[in-house]
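There are 2 protein chains.
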Amino acid sequence: MSIVDLEPIGRRIEVDPDTDLLTAAQRAGVDLVSACGGVGICGTCRVCLVRGTLSAMTLVEEDQLRPEEIEQGYRLACQAYPLSDVRLEIPPESLPVPQKMQVDGRESEFEIVPNVVPLELNLAAPTIEDLRADLTRANQAVAEAGHAPLQGDLGQLAQLSQQLRRQNWAATLAIRPRPGVSDLVAVLLPNSGLLGLAVDLGSTKLAIYLVDLHSGATLAKTGVMNPQISYGEDVVSRIAFANRSEANRKLLQTRLVDSLNQAVGEFCAQLKVSTAQIVDAVVVGNTAMHHFFCGLPVEQLGAAPYVAAVSQPLEFRASEIGLDLGLGAWVYLPANIAGYVGGDHTSVLLTTQLYAPGKTVVAVDIGTNTEISAIHQGKIVSCSTASGPAFEGAHIRDGMRAAPGAIERVYIHGDQVQVLTIGEQPPVGICGSGILTALSEMLGAGVLDERGALVKSDPRVRVANGKSEFVLVPASKTASGRDLVITRGDVNEIQLAKGAIRAGIEILMDEVGINAAQVEAWIIAGAFGTYLDLTSAMRLGMFPTAPLERFHQVGNAAGVGAKQMLLSRTKRQEASDLAARAGYIELTIYPEFTEKFVESMYFG
Amino acid sequence: MSIVDLEPIGRRIEVDPDTDLLTAAQRAGVDLVSACGGVGICGTCRVCLVRGTLSAMTLVEEDQLRPEEIEQGYRLACQAYPLSDVRLEIPPESLPVPQKMQVDGRESEFEIVPNVVPLELNLAAPTIEDLRADLTRANQAVAEAGHAPLQGDLGQLAQLSQQLRRQNWAATLAIRPRPGVSDLVAVLLPNSGLLGLAVDLGSTKLAIYLVDLHSGATLAKTGVMNPQISYGEDVVSRIAFANRSEANRKLLQTRLVDSLNQAVGEFCAQLKVSTAQIVDAVVVGNTAMHHFFCGLPVEQLGAAPYVAAVSQPLEFRASEIGLDLGLGAWVYLPANIAGYVGGDHTSVLLTTQLYAPGKTVVAVDIGTNTEISAIHQGKIVSCSTASGPAFEGAHIRDGMRAAPGAIERVYIHGDQVQVLTIGEQPPVGICGSGILTALSEMLGAGVLDERGALVKSDPRVRVANGKSEFVLVPASKTASGRDLVITRGDVNEIQLAKGAIRAGIEILMDEVGINAAQVEAWIIAGAFGTYLDLTSAMRLGMFPTAPLERFHQVGNAAGVGAKQMLLSRTKRQEASDLAARAGYIELTIYPEFTEKFVESMYFG
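Protein chains in written order, with the working numbering: chain A, 1 to 604; chain B, 1 to 604.
The following block holds chain A by itself, in its conformation from the complex (with noise of 0.2 angstroms):
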């Protein structure tokens, strides 16, 4: 077994000799670019070897690497293996990543029904003797193969006639069969692969994915900042922003979709693909940012009953909001469940019936808006719960998001308080997963009692200008020379959050009808919950007490899901209709809510 080490992330793993370095990132939660999906020809997973000993350079190696790379100790991650413990340079073209997000959830094995497939076109130029007009001697051979005639806009239905004749009447054409009648997505070079792309709209961070839509593969994925929240951490300030004027709500959405275009111009820079090629899109996202992305006005989601304007799938075409994707391209957008609980849950419900289908589970994604949903003998019930930002290291004094210097675990050992930074870097700040450890840890060794207040008589806790605070590291230590302290209103934020999550988790199972035993299957997503130390999550009553083995942290699901849809016109009905069968229960009109959610903010 080797050690490796992986920076300036921070992330250490041990491996055995067979483990190639791109799978030993992965497994430690690094997803280095790998265009190729690891078969040596992409040349995007490199590294730097800073210390010990790998196999031997490959031929493909020999091959992708300019010679003073080589000297410099670059590898390709995919063709290398560890012969010692190691330690590897992470260059930051490497890491689709700026900051520590979770973009991939864990997949699995599906059919592959595209929504958009290609078909080859092979025609006879026109002759005096064969009149027929470009498009009705397209549609005869669509027809041959099996297709409903060919439909599109005009411009795509000129670029058929111009591209036919420029290619000497051979393409790929990119078609959406639907009963009679194919739309026209693009016309391409003959032999041309299509590409889909597959987007999470988180409210803080996007997840990106560009999928090959025949063998199902992501070729390239990013995770980058949600460009709205200059306009609001959270969707409710949003929705006020956009409300304000028109030509604000169309902001917020130019901004989204700029940042689309940028990522798909970077993968197809990276991948040496054209644009045109990415014929078929789907978004996720929250009903808030469903409607900020399509244009759909928002005010009634802003005030109560919180409607939404659309809760059905929606499917338009890429260029109706300025997505830059091949000409026709579609973009899908599966059902929302409420005002509150949107497409990106219906997407987390999808990859639900991958972990536990047919089973009695409890599903949490967890964000801001914590979505939760409980599933039981076929019947769905959902909800959402303003858990707040704190996990996310909002509101919280030292709080930061999870980026180098991150506090992200805390372990008390009598008077002895031990962090891990992100990066093994001095300390910066906590981080949400960071802070539900600390927690925890506090209320084992006694610093924090059950109702939440800090234990005075205890030597780290201290009194600042009438308030209690627990000194987590002292200023000796830390990256900015000042003291990080964990304050009593740190402590009531996660209260809170981690209150409202169990309170909404208590109502459904009672809605439901079932008791936390009863769950088979507890499906924690989001990049914090794929984070979270499950042991702290109970101990502080975040989570009912379960066994460990039934919970399963799945990381970026509404991206998953997302990407099943892309690939599966089977999946996208299965989440309609899952979407359709799920209740929702409007919390803050809930009888015991309030009485739940203060019994769930206790410790313990």
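Worth double-checking, as some hints may not be accurate.
[To be verified] Here are some chain B residues the structure puts well away from chain A; computed CB gaps all over 10 angstroms: (1) Thr58; (2) Gln418; (3) Lys467; (4) Thr478; (5) Tyr602.
[As the list claims (entries may be wrong)] Short, incomplete list of chain B residues facing chain A, as computed with Cβ under 7 angstroms: (6) Pro126; (7) Thr136; (8) Leu296; (9) Val310.
The set of hints was computed from the structure by calculation and includes no laboratory data. By construction, the Cβ of each residue, glycine as well, lies at the ideal position given by its N, Cα and C atoms.
Take the given structure of chain A and dock chain B to it, following the hints.
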């Protein structure tokens, strides 16, 4: 009986005292603006009495006309009846047609089955107990009215949500019912009427009609010059212009769309209706105009074998080409038959079914290109022939369009040559119908021989610059003070034009296996065809000799057909079936064409 003289266009008609002036003007071929259809509420059909006596002023007129207008002699044509011979001055604003233009053909009755229908909605507002999305809420009412679920682009779905909320959940929806889906076209105030636009895109003129989709009434109409004339007199030169750059092609489209937008704006201002109410449009034109309008490539129309990019019927959103109708308005273009037999001819074929259903028909739509069809025992064969612009006065030494001062009739009695001009003004030039009667009379008077030579012994034939010419009007009687002449060159132009038409007719009759005597109805369409003197045309050999009563000069049959298709989906289907049945003869490769053409150039 009273004689009504209409100035300044110089038309005269004899009517009985029960005929109002609007009807009188219409019978004389003068289309006064009459937005309300003659019921006295729009005040648009103003005329000014110059001489004679009219019935007493009605209360309606006193209401609609200002005192100073009444003092100046203004009346509403729909309200006034002639009590003596009268001379009326028609102010420019009452004339939709700045030149004499045929925008109206004969119309006939048929069942109105519009493509877009209204649906009144009255919905319950959402409550905390009824959290259905806006679209879901609307769709339930749509289903209760027996329609399939709404489908629209994002802009329309946004509009639906906003308008419903602003209008307190009441609205008139305009929807296009299709199998399984209702396209959302417009969200209007409750109890709004739906309007449609019918357009004939002539190479020279655009005829534009605003139609009430419920009653079928034509609310307004206009004829404007085709703005593309600046870029080429005929479609061949415009195709060459378009082929020089994408920008040129786009410009030709934009200029057309701008002209329509302007006309629509004027209609709406005049009738005090909203463009949002215009929910459907039918546009016909020759294949080149069709492609220009749709932005389709035209390279292939400019070179053999002259193949259309698209020949099948097209339907798309008006917004796709920047046509400013209702937000989701549709535009329908019927099928083209061939590269030089377009949807305007399909529209003419449709109208032949009104005049002579099931009969043996020859339909001739005369223009710069003349399209001809022969219909016999269910068989339809069509061709196009380059008759050139001579009939519109172009390429004729003293030719002009049918505008005031144009000679439109010529009579030769012995030495006397008498001319009638449009507007009874001093002769300025000669228009198409004028030159045809001139040649016919010259042939009868022996000034012209059968081969087209001017008989030099005639005193009115002289030789200038070595070429013979016939003096039609001496300088002393013309507006310019120059002689108006008909040259040998002019005669040749007419020979080529009428020879091409006659050759086409002969070949098509051969193809369907009939002779002229078997033709039960001759449909002569197009502006020129309406003013054409049939006797002259037959004497010159433009048409075979046939009983005059079998000829129907139907005016702008293409425009009439467009209106029918606007009002009836059944008519659209009928037009598609006719186009699909129509065989096409390419005259340029037809074995006997040259022979027939040369034969047909002779007179008599």
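Evaluation of the provided hints:
Every Cβ of chain A is farther than 10 angstroms from the Cβ of B:Thr58; the closest lies at roughly 48 angstroms, confirming the non-interface assignment. The Cβ of B:Gln418 lies farther than 10 angstroms from every Cβ of chain A, with a closest approach of about 49 angstroms, so its non-interface assignment holds. For B:Lys467, the shortest C-beta to C-beta distance to chain A comes to about 38 angstroms, beyond the 10 angstroms cut-off, and the non-interface label holds. Distance check on B:Thr478: its Cβ is at least 48 angstroms (rounded) from any Cβ of chain A, clearing the 10 angstroms threshold; non-interface status holds.
Once the 10 angstroms rule is applied to beta carbons, B:Tyr602 is consistent with being away from chain A; the minimum gap is 29 angstroms. Of the supplied interface hints, the one on B:Pro126 holds, with its beta-carbon coming within about 5 angstroms of a beta-carbon of chain A, less than 7 angstroms. A hinted interface residue such as B:Thr136 counts as satisfied when its beta carbon comes closer than 7 angstroms to some beta carbon of chain A; here the least separation is about 6 angstroms, so the hint holds. Because the closest C-beta pair between B:Leu296 and chain A is about 5 angstroms apart, less than 7 angstroms, the hint holds.
Checking B:Val310 against chain A: minimum C-beta separation of about 5 angstroms stays under 7 angstroms; hint holds.
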